[in-house]
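4 protein chains.
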Amino acid sequence: MTQSPTFETTFYVRYAETDQMGVVHHAAYVVWFEEGRSAWMRSLGSNYADFEAEGLNLAVSEVHARYVAPALYGRQVTVRTRGDEIRSRSAKICYEVVDTESGRTLVTGYTRHICVDREGQVVRIPDRWRKLLAASKAPEADS
Amino acid sequence: MTQSPTFETTFYVRYAETDQMGVVHHAAYVVWFEEGRSAWMRSLGSNYADFEAEGLNLAVSEVHARYVAPALYGRQVTVRTRGDEIRSRSAKICYEVVDTESGRTLVTGYTRHICVDREGQVVRIPDRWRKLLAASKAPEADS
Amino acid sequence: MTQSPTFETTFYVRYAETDQMGVVHHAAYVVWFEEGRSAWMRSLGSNYADFEAEGLNLAVSEVHARYVAPALYGRQVTVRTRGDEIRSRSAKICYEVVDTESGRTLVTGYTRHICVDREGQVVRIPDRWRKLLAASKAPEADS
Amino acid sequence: MTQSPTFETTFYVRYAETDQMGVVHHAAYVVWFEEGRSAWMRSLGSNYADFEAEGLNLAVSEVHARYVAPALYGRQVTVRTRGDEIRSRSAKICYEVVDTESGRTLVTGYTRHICVDREGQVVRIPDRWRKLLAASKAPEADS
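Sequences listed follow chains A, B, C and D, in order. One point on numbering: in this note's numbering, the residue at position 106 of the first sequence is 106, and numbering is uninterrupted. One point on numbering: in this note's numbering, the residue at position 89 of the second sequence is 89, and numbering is uninterrupted. One point on numbering: in this note's numbering, the residue at position 96 of the third sequence is 96, and numbering is uninterrupted. One point on numbering: in this note's numbering, the residue at position 85 of the fourth sequence is 85, and numbering is uninterrupted.
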């Protein structure tokens with residue numbers, strides 16, 4: 001069993017992301033997942049903005065999040081992002097949000113994506129991008 | 001098999017909810033699910049604000065959304081909300097977002113909730129509230 | 001002195017719009033101003049989505065908001081929108097957000113806009129639209 | 001003429017912050033101003049979360065923003081924050097958002113704040129905090 005390598009990005013919780021329960025609103029994590037994806041693609045030497053410039057979108061087809069403990073304003077959080085199931089026309093990406101200092105898991109989740117062109121037609125993920133995304137995934141056990 | 005009754009609330013897509021893909025951003029639907037819950041509770045003659053005033057929160061423990069077709073600025077959307085699995089300490093609530101005019105399904109999803117007090121301890125959903133929430137659900141088949 | 005006619009739109013505060021101060025976050029009102037504009041244009045028999053479909057944008061060049069009293073979750077708010085200084089290439093639009101039930105003023109503000117085409121060039125507001133927007137404004141004193 | 005020292009914080013534009021005009025939505029800058037304040041207070045060796053823990057809030061009483069050029073997804077932006085008019089019960093804070101790479105000014109603005117306690121009463125900003133905030137401001141001309 002190999003562990004997939006994960007990409008980490010860290011930032012402070014924003015005040016606007018809290019709600020009157022005194023913790024981060026649950027929809028904010030969906031935005032953090034997306035920021036995890038963006039930062040991950042930048043770390044791969046590319047940029048999702050370039051992907052869109054080619055007329056393509058990795059449209060979100062599914063989101064799932066499980067809330068374990070609340071994130072708090074004044075704290076740093078780290079989003080761990082990991083490619084999973086990178087296929088010809090779709091991809092699944094997994095996330096774990098932790099409190100940076102304590103390492104405590106706050107939220108886990110995943111998103112599924114399909115590649116669509118400007119007309120909204122499902123198309124193949126260009127090889128260059130698929131390789132980039134898959135490169136961040138651990139090699140399949142070859143033994 | 002009975003169909004659970006559902007509560008509907010309708011509103012216009014807000015410009016701020018769109019993103020540069022030209023459609024509603026996927027995190028906005030999670031906020032719409034919440035507005036569906038709020039409107040549903042108001043329709044039951046109660047208000048989630050009163051629930052919180054009693055020192056309780058229906059904290060979100062899980063969110064799932066499946067994106068079928070994009071919502072567009074300039075259109076009205078209807079959120080259909082339906083209680084499901086209303087238990088002593090937890091609840092599952094289901095949603096369907098449709099384009100109001102065409103009736104086309106845009107997004108389906110659910111949230112799971114646990115009832116917590118001001119200290120974050122899991123507690124029983126007060127009977128009055130549990131009955132309210134369950135009342136919106138179809139009676140269990142009694143045969 | 002004539003009072004300009006104003007357009008009103010009413011909705012419930014969303015839970016996601018609150019912050020940990022227990023009131024609506026100050027950035028949410030900027031979104032409400034925009035929703036006031038959208039609803040106002042729909043009430044004029046038109047739709048800002050159509051405006052954009054013509055390749056034009058009323059880009060925001062300035063926002064100002066003065067916060068008088070906090071909006072609260074569980075309450076309805078009414079946004080009063082009124083055209084002001086509708087010129088050939090720019091427009092100023094004024095807002096007042098009130099608590100619907102009490103009528104108490106919560107926030108006042110304005111936005112300024114310039115009309116830009118797809119290339120971001122400042123262009124004239126099409127006559128049809130300028131007349132629509134100006135129609136909602138009180139006639140200039142003609143004496 | 002002395003220039004006030006400013007505090008800078010830099011981050012990437014988030015995809016969710018864009019709208020269908022293809023640029024950052026104008027309300028997002030209000031959130032960035034707030035993040036500028038938060039980062040500035042952290043840089044002063046303190047934290048706005050601690051301020052609130054003392055039962056106080058720097059409630060926003062006014063926001064102003066002037067939009068010069070659009071921020072774009074895929075780019076880094078820098079928020080420059082500078083204390084101004086730090087008084088016993090109120091403060092004015094100024095902002096400039098620039099594209100980090102080009103240095104181009106995107107938005108300028110300010111917020112005004114009053115210090116309120118848990119009951120919403122206006123109170124004096126504690127000396128310790130007022131000194132912290134004022135320390136970041138250039139000394140008044142003493143001649």
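Simulated from the structure, these hints should not be mistaken for lab results. Warning: the hint list may mix true and false statements.
No copy labels: a pair is met if it fits in one copy or bridges any two.
Unchecked claim - Computed list of lysine to any residue pairs in SDA-like fashion (alpha-carbon distance at most 25 Å, straight line):
#1 Lys131 with Thr100
#2 Lys131 with Phe7
#3 Lys92 with Gly74
#4 Lys92 with Glu62
#5 Lys131 with Ser102
#6 Lys131 with Gly103
#7 Lys92 with Pro5
#8 Lys92 with Ala49
#9 Lys131 with Gly45
#10 Lys92 with Leu56
#11 Lys131 with Gly22
#12 Lys131 with Arg104
#13 Lys92 with Tyr110
#14 Lys131 with Arg75
#15 Lys131 with Glu101
#16 Lys131 with Glu8
#17 Lys131 with Arg14
#18 Lys92 with Ser43
#19 Lys131 with Thr105
#20 Lys92 with Val68
#21 Lys131 with Pro70
#22 Lys131 with Ala69
#23 Lys92 with Gly22
#24 Lys131 with Asp99
#25 Lys131 with Phe11
#26 Lys92 with Ser102
#27 Lys92 with Arg14
On a predicted model such as this, the values are computed, not experimentally measured, just so you know.
Now the hints, each set against the structure:
1. Lys131 with Thr100: Neither. Shortest intra-copy (30 Å) and inter-copy (30 Å) distances fail the 25 Å Cα cut-off.
2. Lys131 with Phe7: within (16 Å within a copy, 40 Å between copies)
3. Lys92 with Gly74: Answer is between: at 22 Å across copies they meet the 25 Å cutoff, but 31 Å inside does not.
4. Lys92 with Glu62: both (9 Å within a copy, 18 Å between copies)
5. Lys131 with Ser102: Intra 34 Å, inter 31 Å, cutoff 25 Å: neither.
6. Lys131 with Gly103: neither (30 Å within a copy, 34 Å between copies)
7. Lys92 with Pro5: So lysine 92 and proline 5 pass the 25 Å test inside one copy only (15 Å; across, 34 Å).
8. Lys92 with Ala49: So lysine 92 and alanine 49 pass the 25 Å test inside one copy only (19 Å; across, 33 Å).
9. Lys131 with Gly45: Answer is within; shortest intra-copy Cα gap is 12 Å, inter-copy 44 Å.
10. Lys92 with Leu56: For lysine 92 and leucine 56, only the intra-copy Cα distance (17 Å) is at most 25 Å; the inter-copy one is 36 Å.
11. Lys131 with Gly22: neither (42 Å within a copy, 27 Å between copies)
12. Lys131 with Arg104: For lysine 131 and arginine 104, the Cα distance exceeds 25 Å both inside one copy (32 Å) and across copies (35 Å).
13. Lys92 with Tyr110: Both: 7 Å inside a copy, 20 Å across copies.
14. Lys131 with Arg75: between (35 Å within a copy, 24 Å between copies)
15. Lys131 with Glu101: So lysine 131 and glutamate 101 fail the 25 Å test inside a copy (33 Å) and across (29 Å) alike.
16. Lys131 with Glu8: Result: close within a single copy only, 19 Å intra versus 37 Å inter.
17. Lys131 with Arg14: So lysine 131 and arginine 14 pass the 25 Å test across copies only (24 Å; inside, 34 Å).
18. Lys92 with Ser43: within (18 Å within a copy, 38 Å between copies)
19. Lys131 with Thr105: neither (29 Å within a copy, 34 Å between copies)
20. Lys92 with Val68: both (21 Å within a copy, 16 Å between copies)
21. Lys131 with Pro70: Answer is neither: 35 Å inside a copy and 28 Å across each miss the 25 Å cutoff.
22. Lys131 with Ala69: neither (34 Å within a copy, 28 Å between copies)
23. Lys92 with Gly22: between (32 Å within a copy, 23 Å between copies)
24. Lys131 with Asp99: Classified as neither: same-chain Cα gap 31 Å, cross-chain 31 Å, threshold 25 Å.
25. Lys131 with Phe11: For lysine 131 and phenylalanine 11, neither the intra-copy (28 Å) nor the inter-copy (27 Å) Cα distance is at most 25 Å.
26. Lys92 with Ser102: neither (28 Å within a copy, 31 Å between copies)
27. Lys92 with Arg14: This pair counts as between: shortest inter-copy Cα distance 20 Å, intra-copy 27 Å.
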